[in-house]
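Relying on the hints, combine the two individually framed chains into one complex.
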Amino acid sequence: MRSGQASPAGTFGAVKRNWGLYLLLLPAVVLSLLFAYKPMYGVLIAFKDYSPAMGIADSPWAGFKYFEKFFNSYQFSNTIKNTLIISVYSLVTFPIPIILALMVNQMRPNRFRRFFQTVSYMPHFISTVVMVGLMVILLSPSTGLVGNLYSLFGKEAPDLMGSSALFSSVYVWSDVWQHVGWDSIIFIAALSAVDPSLYEAATVDGASRWHKVRFIDIPMLMPTAVTLLILRVGGLLGVGFEKVYLMQNDLNATSSEILSTYVYKIGLLSSQYSFSSAVNLFNTVINFILLIIVNQISKKISENSLW
Amino acid sequence: MGVLTPVIKENKRKIKNNRSSDTVMEIVMYAVAVIFLIILIYPLYFIIIASFSDPSAVSGGQVWLFPKGFTLDGYQELLRHKNIWIGYRNTILYTIAGTAIGLAVNISAAYALSRKDLRGRRFLSLFFIFTMFFNGGLIPTFLTIRDFHLYDTFLVMVLPFSVGVYNIIVARTFFQTSIPGDLWEAAQIDGCGNLRFFTQVVLPLSKAIIAVLGLWIAVGHWNSYFNALIYLKNPDLHPLQLILRNILITNQMQSGIGSGEAAQLALRLANMMRYSVIIVATVPIMCVYPFIQKYFNQGVMIGAVKE
Chain A
0 MRSGQASPAG TFGAVKRNWG LYLLLLPAVV LSLLFAYKPM YGVLIAFKDY SPAMGIADSP
60 WAGFKYFEKF FNSYQFSNTI KNTLIISVYS LVTFPIPIIL ALMVNQMRPN RFRRFFQTVS
120 YMPHFISTVV MVGLMVILLS PSTGLVGNLY SLFGKEAPDL MGSSALFSSV YVWSDVWQHV
180 GWDSIIFIAA LSAVDPSLYE AATVDGASRW HKVRFIDIPM LMPTAVTLLI LRVGGLLGVG
240 FEKVYLMQND LNATSSEILS TYVYKIGLLS SQYSFSSAVN LFNTVINFIL LIIVNQISKK
300 ISENSLW
Chain B
0 MGVLTPVIKE NKRKIKNNRS SDTVMEIVMY AVAVIFLIIL IYPLYFIIIA SFSDPSAVSG
60 GQVWLFPKGF TLDGYQELLR HKNIWIGYRN TILYTIAGTA IGLAVNISAA YALSRKDLRG
120 RRFLSLFFIF TMFFNGGLIP TFLTIRDFHL YDTFLVMVLP FSVGVYNIIV ARTFFQTSIP
180 GDLWEAAQID GCGNLRFFTQ VVLPLSKAII AVLGLWIAVG HWNSYFNALI YLKNPDLHPL
240 QLILRNILIT NQMQSGIGSG EAAQLALRLA NMMRYSVIIV ATVPIMCVYP FIQKYFNQGV
300 MIGAVKE
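These protein sequence lines map, in sequence, to chains A and B.
First residue of the first sequence: 0, per numbering that gives the first Met the number 0; consecutive thereafter.
First residue of the second sequence: 0, per numbering that gives the first Met the number 0; consecutive thereafter.
Here chain B stands alone, though its shape is the one from the complex (with noise of 0.2 Å):
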């Protein structure tokens, strides 16, 4: 005991020492904190507040933190926009029917590799994940695509690439974790098949991976660009995220092109549409998240158990 009273001695005065150099690093750490939020919001926020503001008001600089010259130009113009309107009821239709077959196809086969008794597990697993290291390439799937008729289809947006191969993965460590096998046993005795048990019992247990899994699929289809660029010729399967970038994008580059009057009413135009758009675009997604914020940590971490 005596040997030991300086130690703690000692201890005790380091930790009084360590409390101020605590707060020091608790105050820099939080300033750090604002900062870096403010960096976030505040793109976020000047979208929000030009989107009601006049058009030359922002563009001379004068929107900084509230809208000046309030008006709904820009969401008006929006309402006349047919394009768009199209656009967002493709791109509601491609996630609906995307996400349903994405949970479908992902889910069935992550709970059949979960289970221990499936003969064939380690090839089947293997047999999906070199997908995920080795693939055909643009021009092969394209010409595959083509080869089965699904280009310029409804269907090429939603099924062709619904198998997500870190989704079945993650969906099926959560089944292994989280669905006692003594429960199979159990229902296999009450006389009840695989298929019953999956959708009886299995499914009813895991509403908080389909969850996850549902925002992660639906969030890809309802901000996918690159499918719709490749495999959509006519306008009238186009999503929004296609029809987006016109307005945004290619408008923009093109804009010393066109002259005329006409030239320069469609470009004033887009330029008052442009920040109503990213919102009418954005806010629908945005809105979902946080309610399902609270099983990320969770899914993510599924994710990242290694075999």
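Pulled out of the complex, with its shape left as it was, chain A reads as follows (with noise of 0.2 Å):
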């Protein structure tokens, strides 16, 4: 009996039969369950006045109460500038990875290019609690590495660790160091797949290298390159909690407190349950507005999308 063929029995009869698939599926549909799916019922307490003794579904409903709270309080705008400041200021950093991939598809592959390599990805792979304390002691005006360098010119160096109008800087330009090799790969990998014989017409017609760069590589990049901004622009309010977190101090307070960390500081430090997911929620809501946005901009101009 073909399984292509859908006879009475044949749902039933499937499953039956490849019961081992589906025991090979089963721990990793429990754990979305208990600890993804879960959760998500847990979004209703941003609609309740939650009490941990009432649980959730014994909560009085509360309306849009703790939304109205957040649109009304003072940190709704700093937090939403701070938020859209980092993550526009990272996305125009964006074709800097692109830059790195032709540049490496341009070196002839031997050891200097393995090497180049290799070294590009490796900051990627130190952990976020490093890279902050490596700003912190490489930054410092008085004992650092910038500080040192600036008073080799007899300068006073800048305390950027410590300061609100550098945060974002401060926190796109590190986050390039750390990543861009790492970014870089896979659109190497897109180049690897350029069919050689286009390179060999066009150097029949008498294309210099730059040509090729122009009108071969960067037009085969162009998909790859789409989607992952699609992507990147449905996470412009999803600025990560941990590097932002580690990086914060008095001095910068006013520019690095964004969504992510407040949702924290009020959530888990002041227990504002509802309230934190309240914030939260609007949080995940604009990001997947933005989302479909931009799929559907992408989809009528380039006719790239992520469905």
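Treat each hint with caution, since some may be false.
Unchecked claim - For each label pair, taking beta carbons as the anchor points, the in silico distance ranges come out as:
1. K232/B / F70/A: 27 to 37 Å
2. R12/B / V193/A: 24 to 34 Å
3. L197/A / S19/B: 15 to 25 Å
4. R113/A / Q187/B: 37 to 47 Å
5. K264/A / Q187/B: 32 to 42 Å
6. K298/A / V282/B: 38 to 48 Å
7. V282/B / F63/A: 48 to 58 Å
Since the hints were made in silico from the structure, they are not lab data.
Heads up, the beta-carbon is just placed ideally off N, CA and C, and yes, glycines get one too.
As structure tokens, then:
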């Protein structure tokens, strides 16, 4: 009996015949139900006056009270502004891994190229804690590498870690330093799929290397680049918690409070569970809407889309 | 033929002209690459030489290319610091257990999803992918973990978040492209069941993907900080990263608060350890990854393939 032919007992029979496969899936399904889907039900507390004693189901409804509270709080515009500044700034650095990949692709496959790639991936494996620790040490104006560099030229170094104005720059460029090599892998992989006969044909037509990059490599990268860009825009309000939280201090507080650190502080440090969930839900919904809009636009303009 | 001759001549001239512009481009490119390498490597190199140098020489800006006032005091101080070794032990345990669980859960689910004869395949894939875009958020997840009595336990670090949807997609694509369907049909005729086929045929053929996912998951556990910050209170369970944060970042911020000789001494010791602690925490991961690097392009490429 072929599985493609639907018989009355088809579904049941197919499941029974392949019970081993369902057994392999079971752990992942159970873990997802318990730790991904069950918390989704907990999102309800954003609309309730949640009290731990009564539980999620029995706590009284609060409507949009906590959303209004957030919209009216002074942290509303501040956290959103900070989150947007950091993520739009990061978006601007999006082409850098592409440029790196184009460069690596131009190198002859030899030891220098291998060494270059190995080294450029390396910082990606540094943990966020160590990364911020490195920044604290190296960027210190008095004793750090940057401080020493400045004093070499007889100048006073700026306090990079303790500056509100420079917070987003320090955040974004340290991120570029850490992840540019890793982010370029995907573009290098895409370039390795280019048909070599295209280059040969271009050489016969008298194209220079620059022409080949401009008219073969860059167009080949566009679909990958657009897909990744859509995902990035979809996460515009989703700047990660860890690095920002670790970089925060009293001196940069005005520009380092973002949505996720705010959710953590009001939620876990001051136990306002419902309020914190409301802020978080607001964040998720905006991200989702952005993702859908950008995907639609991209579908219209370039015929690239996620779904 | 006669008509084409001028075109060929023209192209030959072009190719000759382009040779010199190619050389210029090559020189510029390698120069940029070398500068880029220096920017990436130097901070890492500096940490290494600083860890072997006299702390006052480091903060005085005398350490640039070689260690100055060679000393192992930083490492010695590290040996005396009990917290670090507790953290180290915990991190190793979390990494081993977490990687084993993660690999088992994700690889087996990915294989089942890669099989075309799995009924409900589309639905099951969506079931996992949905969790990539939507989740309960910090507080509902926290409440769930607490309801299951996982708060402040060993298990919370290795079990709840072991389903990695991105990993599953990557592995599933790998199985789809590299395990031929005929193999399963042949095995079936020989009376082999799904589970035996998976363990005795599929797994031995999939060392590459197991290595890549294993490294990704292991690095994640080794560097993990967020879950420990939120779900662990007992200091005896703290992983290395949480302890590193106290030495590298929090201490730094509070340096102005403490006064008196004891505080001064503590600060001096912490300063001495800052470099060696980074080395000790980062070197193990850095040692593993070059061996698996050759699989990276492949792994990332697979992950980028669109449905």
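Requested in this report: Provide an ascending list of the numbers of those earlier hints which the structure does not satisfy.
Outcome: As far as the earlier hints go, only 5 is violated by this structure.
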